[in-house]
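Undergrad: Residue numbers (the UniProt record's numbering), protein chains in the order written: chain F, 1 to 407; chain X, 1 to 407.
Since the hints were made in silico from the structure, they are not lab data.
Given the structure is predicted, the values throughout are model-derived calculations rather than measurements.
Any given hint could be a false lead.
Here's a subset of chain X near chain F, in silico, CB distances under 8 Å, partners left out [claimed, not checked]: (1) Asn-23; (2) Glu-25; (3) Pro-134; (4) Leu-287; (5) Leu-297; (6) Tyr-304; (7) Asn-313; (8) Asn-315.
Some chain F residues flagged as far from chain X (calculated, every beta-carbon gap over 10 Å) [said to hold, decoys possible]: (9) Asp-99; (10) Gly-285; (11) Glu-383; (12) Val-406.
Just so it is clear, CB atoms sit at the ideal spot from N, CA and C, and this is done for glycine as well.
Below are the chains, spelled out letter by letter.
Number of protein chains: 2
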Amino acid sequence: MKRIALLGYGVVGTGLVELIEKNREKDEKLNIRVEAILVKHKEKHNNKKLNQVITEDCEEVFSKDWDILVEVIGGINPAYSYVKRALELGKHVVTANKDLIAEYGEELFQIAKDKGVALKFEASVAGGIPIIKPLTESLSGNDIKSIKGIINGTTNFILSKMYEDGVEYGEALKEAQDRGFAEANPDADVLGYDAARKLAILSTLAFKKRVFWKDIKVEGITSIDSKDFAYAKKANCKIKLLSYSKKEENRVFATVKPVLIDSESDFYRVNNEINSVILSGDAVGELVFKGSGAGMLPTASAVYGDIVDLAFNKNNVVINSFSEDKLSVEHRSEEKIQSLIRIDTDNKKELILELNNRFTAAELLDLFDNEVALLVDGYTEMELEERLITLKQLSYVNRVKRILKVS
Amino acid sequence: MKRIALLGYGVVGTGLVELIEKNREKDEKLNIRVEAILVKHKEKHNNKKLNQVITEDCEEVFSKDWDILVEVIGGINPAYSYVKRALELGKHVVTANKDLIAEYGEELFQIAKDKGVALKFEASVAGGIPIIKPLTESLSGNDIKSIKGIINGTTNFILSKMYEDGVEYGEALKEAQDRGFAEANPDADVLGYDAARKLAILSTLAFKKRVFWKDIKVEGITSIDSKDFAYAKKANCKIKLLSYSKKEENRVFATVKPVLIDSESDFYRVNNEINSVILSGDAVGELVFKGSGAGMLPTASAVYGDIVDLAFNKNNVVINSFSEDKLSVEHRSEEKIQSLIRIDTDNKKELILELNNRFTAAELLDLFDNEVALLVDGYTEMELEERLITLKQLSYVNRVKRILKVS
Ligand SMILES: NC(=O)c1ccc[n+]([C@@H]2O[C@H](COP(=O)([O-])OP(=O)(O)OC[C@H]3O[C@@H](n4cnc5c(N)ncnc54)[C@H](OP(=O)(O)O)[C@@H]3O)[C@@H](O)[C@H]2O)c1
Ligand SMILES: NC(=O)c1ccc[n+]([C@@H]2O[C@H](COP(=O)([O-])OP(=O)(O)OC[C@H]3O[C@@H](n4cnc5c(N)ncnc54)[C@H](OP(=O)(O)O)[C@@H]3O)[C@@H](O)[C@H]2O)c1
């Protein structure tokens, strides 16, 4: 029998209690007892299971006897202080909190190591998809070369709605909020910070040195509009918020930004709240993982797996990669890329002539008044940026917008 | 430092030694020493690494001092006796051998349990894809509802060639053999037994009671021809060897057979030697895994992960599911299905009239002389079989062939 303290009894906490009870009924060996549950508003939980152990007082939680602390409050404070306190007491911790790991991973993993306990965080990236464990255990023989992911469910839901229903960003965001897929303040999601934190966690584990989330170049989805989708469809693509990092020698390239995804890509069919991660290892090659990135039971499934690992499997993988030794992160790769370029113009005819001169191997998409779009191929980011600067100098060019295409 | 004994120095054994050396150079903590290597023909290995520890004498191997036995010989004998001997000596074992696990899992896991050691087998199913670990560790909170897989690289390579190049089975098989994707005697692969063994392993772990591979209904790919592919293309499908098992209450339904895979399916883009597994859990929902199912380094990546788990993580998940208590396996599900039906006939006109009477919601495909094909929907297997029996009784019907379609 193992005893846990549960911090937070919201979406994930409630799912976790459900899984603990279901599994104990099926298999008496999986006997996990919840000794205390910390919440902010006790009265909200009057009709829930385990009502007798719910408290608003963290001292009451820490005064009880338990083996593992499970943190599903979210955010930095007070989660950080509780997790730190538990580790310092020599207790194992399981968390679903990507903000905490991305921000304080270095300090927390160091304490865990000093105390000989584990800090587990499978649910913090890609919800129910097993990705932390495969990366840190199964693939230990590999040098990971790159990580690509659709790892933010909110933005993927919004972009899926815009694609399917042809609506604008604002309307899709509102539907996401109404259906509980986006928070009242959606900034962390739609501006790409949530994805950057998750990409930083995966990159740190994969590249074995710390990649700090603030070093990752982030571009959100707020400026994507229905015309971008019209061009994307014309080019047989969808638009997704892609988190991408790549290791080359001692350099890491990492970005989060909306991109065009080709219909042949494994990401093309990753819709709504579904997440997907593609890892590329020197020995194993490319591995694709896809599944629910959020939700009560999928996320609880990941938290439960971590608890069982600690409680019954005695799995004690030590995480060393959240070190002081940060990797420097670059934003511009030297790969040749494809891009969609939209140009606002007062003189379409003249512009088209000019574009034909300036870009070879480009496909023109002429769908709307006062603008022209171009699918270009075979330039590096740098080369392309240079060309766009000179384009912007033309008197009849008003605005230039560029979206990367990934195949 | 950990010491291993390696049995077999072929494709996987050679890849493993390469990974051990690469990782030790990168990180001195990953110090794994190969104390002995058993082979059948010592002279074949004269120019290889670690030449000084290669032997043809298994007694020499067992006389050395090591912590983990790695079995990559393959087949039942002598692999079985060596693995058993090591476990009985209280040594951990890592194997890539699906034949051995599917056939002798019950006995071997029992010995491991009695001796308090682990028998690990990640590479035995789907090569480099982490699937055993996610299933037995990450998803421990779930009741697994179903497993779908493309888990035999040889047949997937052959079927991919037939699809792409329009060639017949024999020619595609020959190319697979020439390129090292199929063995001289390909029966275990092309008749579906290899896939059945792997499906049995996954099903046993997922459903927590033993599913014996011989109880699984198996249909190979040897009777698939270019006309099947012509119909498949017309229906926007490919043909894949699908391994499928599903749990309902106390019943398990399990089959291995070639099916039509719709272009919207995650399996549609799983080509050549790539494998993919889709697990469905009650908490997590559907999870897709995709990657290299075979090959020197992908397979060695899985074996290496198992070794590190034992050597450095002290991960000791106990496998209880290969029990005496076998699940009874059924072959016919009661789901409504879609099927492609090909009918050889001397009287096409009459047959088409008759088919229109007998099948509603069916799409007729008329591509070749002397036969008609039909895509039917909405019948159970049983209902369909009954209708086909009466069809066969028509004087102008010569032969009826049916292939399941999966969307
Ligand atoms: N939801 C998902 O799909 C999902 C997916 C992946 C990861 N996660 C992560 O899982 C964590 C939890 O998410 P959630 O969706 O379950 O959040 P939630 O539904 O908002 O629940 C948060 C819980 O924490 C409690 N809480 C908040 N502030 C507190 C404080 N200062 N002291 C004590 N308790 C406090 C709340 O108490 P009251 O109920 O009393 O207000 C509530 O029970 C987050 O880190 C999130 O990023 C969630
Ligand atoms: N290859 C793959 O892509 C792959 C993928 C997944 C799983 N696996 C599994 O991995 C295992 C090994 O496959 P493999 O492809 O590496 O096989 P392989 O290339 O045929 O190598 C087999 C090795 O075992 C040795 N051997 C054979 N019989 C022996 C005996 N009686 N006593 C001692 N040594 C013996 C051979 O010795 P000699 O070299 O001296 O003849 C050879 O070194 C099999 O279980 C296979 O199913 C392979």
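Undergrad: Give a verdict on every hint.
TA: Going through the hints against the structure:
Interface hint status for Asn-23 of chain X: upheld, as the beta-carbon distance to the closest one in chain F is roughly 6 Å, under 8 Å. With a least beta-carbon distance of about 11 Å to chain F, the hint placing Glu-25 of chain X at the interface is violated under the 8 Å criterion. For Pro-134 of chain X, the shortest C-beta to C-beta distance to chain F is roughly 4 Å, which falls under 8 Å, so the interface hint holds. Of the supplied interface hints, the one on Leu-287 of chain X holds, with its beta-carbon coming within about 4 Å of a beta-carbon of chain F, less than 8 Å.
The closest approach between the C-beta of Leu-297 of chain X and any C-beta of chain F is roughly 4 Å, which is under the 8 Å cut-off, so the hint is satisfied. Given the 8 Å rule on beta carbons, the hint for Tyr-304 of chain X holds: about 3 Å separates it from the nearest Cβ of chain F. Checking Asn-313 of chain X against chain F by beta carbon gives a least distance of about 5 Å; that is within 8 Å, so the hint holds. This hint holds: Asn-315 of chain X has a C-beta 4 Å from the nearest C-beta of chain F, less than the 8 Å allowed.
Separation of Asp-99 of chain F from chain X is adequate, the least Cβ-Cβ distance of about 22 Å exceeding the 10 Å criterion. Against the 10 Å criterion, Gly-285 of chain F falls within the reach of chain X, whose nearest CB is about 5 Å from its own CB. At roughly 31 Å, the least C-beta separation between Glu-383 of chain F and chain X is larger than 10 Å, which holds for a residue marked as non-interface. For Val-406 of chain F, the requirement that its beta carbon stay farther than 10 Å from each beta carbon of chain X is met, with the minimum near 16 Å.
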